[in-house]
Amino acid sequence: MAKPMEEIKWQELEPGAVVREVGNAREYETGTWRSEKPVVNADECIHCGVCWLFCPDAAIHQMPDGHFEANLTYCKGCGICARECPVGCITMVAEEEE
Amino acid sequence: MGVRKGIEVSLAISEAVAQCNVDLIAAYPITPQTHIVEHLSEIVANGELDAEFVPVESEHSAMSVCCGSAAVGARTFTSTSSQGLALMSEIFIIASAMRLPVVMALANRSLSSPLSIWNDHTDTMLVRDAGWIQVFIENGQEAYDHMPWAFRVAEDPDVLLPVAVNIDGFILTHMIEPVEYIEDSVIKKYLPEFKYPIALHPDNPLSMGCFAMPELYTEAQKARDNAVVNSYSTIVKAWKEWEQLTGRSYHPIETYRADDADYCIVTMGSYGETAMEVVDMLREEGEKVGAVKIRLWRPFPFDDFYKAVLGKNHLVVIDRAISFGGPGGPVASELRSALYSKQGAPKVINYVAGLAGRDVSRHDFKNILLDAKEKVQRGEMEGYTLYGLRG
Amino acid sequence: MDRFTVFAPRLVEKAEYFTSGHRACQGCAEALAVRLVMKALGRNTIVAMATGCMEIISSPLPTTAWNVPWIHVAFENASAVISGCEAGMKVLMRKGKVPEKKINFVAMGGDGATADIGMGQLSGALERGHDMIYVCFDNEAYMNTGIQRSSSTPYGASTTTSPAGKVSIGQRTQKKNLPQIAVAHNIPYVATACPSFPFDLMEKVKKAANIKGPAYVHILSVCPTGWRIPTSDSIRYGRLAVDTGVFPLYEVVDGKYRMTYEPQKLRPVGDYLKGQGRFRHLKDKDIEEIQRRVNQEYEKIISKCGGM
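Protein chains in written order, with the working numbering: chain A, 1 to 98; chain B, 99 to 489; chain C, 490 to 797.
It should be emphasised that the hints constitute simulated quantities derived from the structure, not laboratory data. A hint or two may mislead.
To be verified - Among the chain C residues that face chain A by a calculated CB cut under 10 Å, a handful are: (1) 499; (2) 513; (3) 521; (4) 524; (5) 525; (6) 547; (7) 550; (8) 551; (9) 684; (10) 720; (11) 744; (12) 746; (13) 748; (14) 750; (15) 752; (16) 753.
Claimed, not checked - No more than 35 Å apart at the CA atoms, straight line, and that leaves these computed lysine-lysine pairs for DSBU-like: (17) 293/B to 696/C; (18) 286/B to 579/C; (19) 9/A to 320/B; (20) 3/A to 503/C; (21) 286/B to 586/C; (22) 772/C to 665/C; (23) 293/B to 591/C; (24) 586/C to 293/B; (25) 584/C to 287/B; (26) 586/C to 320/B; (27) 286/B to 584/C; (28) 696/C to 745/C.
Quick reminder that beta carbons are idealized off the backbone N, C-alpha and C, glycines included.
Given only the sequences and the hints, what does the whole structure look like? Please build it.
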């Protein structure tokens, strides 16, 4: 885990402030930006993966039964998956107010 | 031990760089640096050095190519002057921040306008605060010696910073001087293979040159400043090792007949040799004068400087650049600041001289000293004097 | 058609080299384009990136969205930086200091970095013949600094420095044709692509990687924020740009042009313009003028490809 930036001391920085822990952006949960979430009707899903392919956030994954679901940790709720699904099995649903 | 050659200093620099088995040279032509890179491209073209010579379309690209090259762990060299340095300054600054150990021969020249191709230090002062290790050298032998030294320091795992070797344009780069060459085997022993601990390679992926929020920018700058300050010990160690191999010794601050001097002339670069001659001349006339030469400009060697000057009465600082609307020449300003709260601090009298190659002879140095004495008597030691100005 | 069958995505590289957690806006087709480019290139890749949206959103310290070696130095110099990486690595391998290995050297920049501030450096790198790929992600304005016009902004688009007003149509100049500038360097590979046609895009990037010498790939990257469209419509507008002939998909291999996707019949350009906030002010006669220009440019490309 990368330390929160406000806790990092200057002595802890790598030369040139390089980041060695590649891909650690995963620790940043962009899912909190979302106002709508995609809901997949698993029965209608044809397992084509178009939603997965078009997701700018790589936030769609395949479930063991073959259908695709959004990873809500990262899904920003853009709605591309719902728009592009060839069988229309994804619906954007408003996030409930906390 | 080595062969002594009479050679143009630029060519001696190129040949020293080639002896360092440099991997990549990226450069763009600009006077008076051109002979350095021309000769290097010739050495590469003749197969005498296995290196990539990247003939870029601007100095900005020269430094950018150098950044990419150093980032993959290649030994990297470039050379520039004046407007070229100004154009590449954006990337020059970033190179140190990203800890990319590029070595540069900086053939010092004035900045436009009016356009001038001749020597002074206005170009290098532009990047004074860029975080590079910066040294000034006095003659051809020093120019040759400081190429292996620069790579040795820059690439040291405790340093990893770019190094600029300042060489006065024309008055040094284009002189033919006797230079003792060091054997390749000695240089090889002195300069270990470059092993860059953060090199870009798919087997060891990392991200370099990231973006920082205010929460981290300060820490990144502190780490950078610390790297520059701490490079001092490696710098001195590398000079000591060179001395052991060649018998030639170098120090951050060097003095000449300064022990009992009432007035010390302070110079950087090739003026140091003139200063020493003037000291000899005036000593013959019974004047108690000496010379102080600043070799290491960044990191500034405060302790060496204090050791050299505290207790002395007067420093006559010769600057080769002006800070317009500011407190005087950049060197004098810095020395005044360094001395401000020190017991036994000498008075600093500042002259800006030799802009854009205007000749400053021994005779002129003598005039400057006489003028400085008069100023001291009148108590007018603030600001600076533009020496030789008409009107 | 893009060789697009609904089941084909299964054939695509599963690994992500540009990971989740990057901070691109919702529906950013540029981030998608980067993701697809990286899938095509794979792990043996070094990326030099220009300052811009993709750099900012992928590298806020102490995190990175990159799973490959990545370097950012400045705005205008990604092509020079990758030149240095390529030439430096070449000599290190030649001298036996680094084991021989095929590595893709890839520079990435937005349209501002490519068409404006980095134009000279791109030209220098292409001319020198480095074995590299330059990928331009063209979202048609300086989006990172707040939607200012670039020389790649299309005629008529309203941006924050080419605002439409009583006496201005918005952007008054025609979009600079970067792929054609790249072609003029006589490099072995130039292509246009769009993430709305992901297979076409990935195929071109793979080709660019496998060709020896410099390659240039120009990717239209829809920006919902700057184009003022719904975030869900990024893919749709990329498709419309292609289907209207505004952004033809072609490649130039050793000087030979080929359309990689030809719509049966071009849709009217209004289908693409209407609905985008940046073109909302355009009047019918403006759209007619744009249509005339699109037809003319499309004809040029068709004739270079040897006619219909």
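Going straight from one Cα to the other, do residue 286/B and residue 586/C come out at no more than 35 Å? holds (15 Å)
With a cut-off of 35 Å on the C-alpha distance, tell me whether residue 584/C and residue 287/B pass. The given pair, whose Cα atoms are some 18 Å apart, holds under the 35 Å limit.
Regarding the hint that residue 744/C lies at the interface with chain A, is the smallest CB-CB distance below 10 Å? Check failed: Cβ of residue 744/C comes no nearer than 32 Å to chain A, outside 10 Å.
Hint validity - residue 753/C Cβ closer than 10 Å to any chain A Cβ: The hint is violated - residue 753/C has no Cβ within 10 Å of chain A, the shortest such distance being about 20 Å.
Should the hint that residue 551/C touches chain A count as held when the rule is a Cβ pair under 10 Å? At about 4 Å, which falls below the 10 Å cut-off, the nearest Cβ of chain A leaves the hint on residue 551/C intact, so it holds.
Are the Cα atoms of residue 696/C and residue 745/C separated by 35 Å or less? Roughly 14 Å between the alpha carbons, so the hint for residue 696/C and residue 745/C holds.
Can the hint on residue 513/C be confirmed by a CB-to-CB distance to chain A that is less than 10 Å? Check passed: Cβ of residue 513/C comes within 6 Å of chain A, closer than 10 Å.
Supplied contact hint for residue 748/C, tested at 10 Å Cβ to chain A: violated (23 Å)
Taking the closest Cβ pair, is residue 684/C under 10 Å from chain A? With Cβ-Cβ at 8 Å, under 10 Å, it holds.
Would the pair residue 293/B and residue 591/C pass a check requiring their Cα atoms to be no farther apart than 35 Å? At roughly 21 Å apart (the allowed maximum being 35 Å), residue 591/C and residue 293/B satisfy the hint.
Satisfaction of hint between residue 696/C and residue 293/B, Cα-Cα up to 35 Å: holds (33 Å)
Interface hint for residue 499/C, Cβ within 10 Å of any Cβ on chain A: holds (6 Å)
The structure shown violates the earlier hints numbered 11, 12, 13, 14, 15 and 16.
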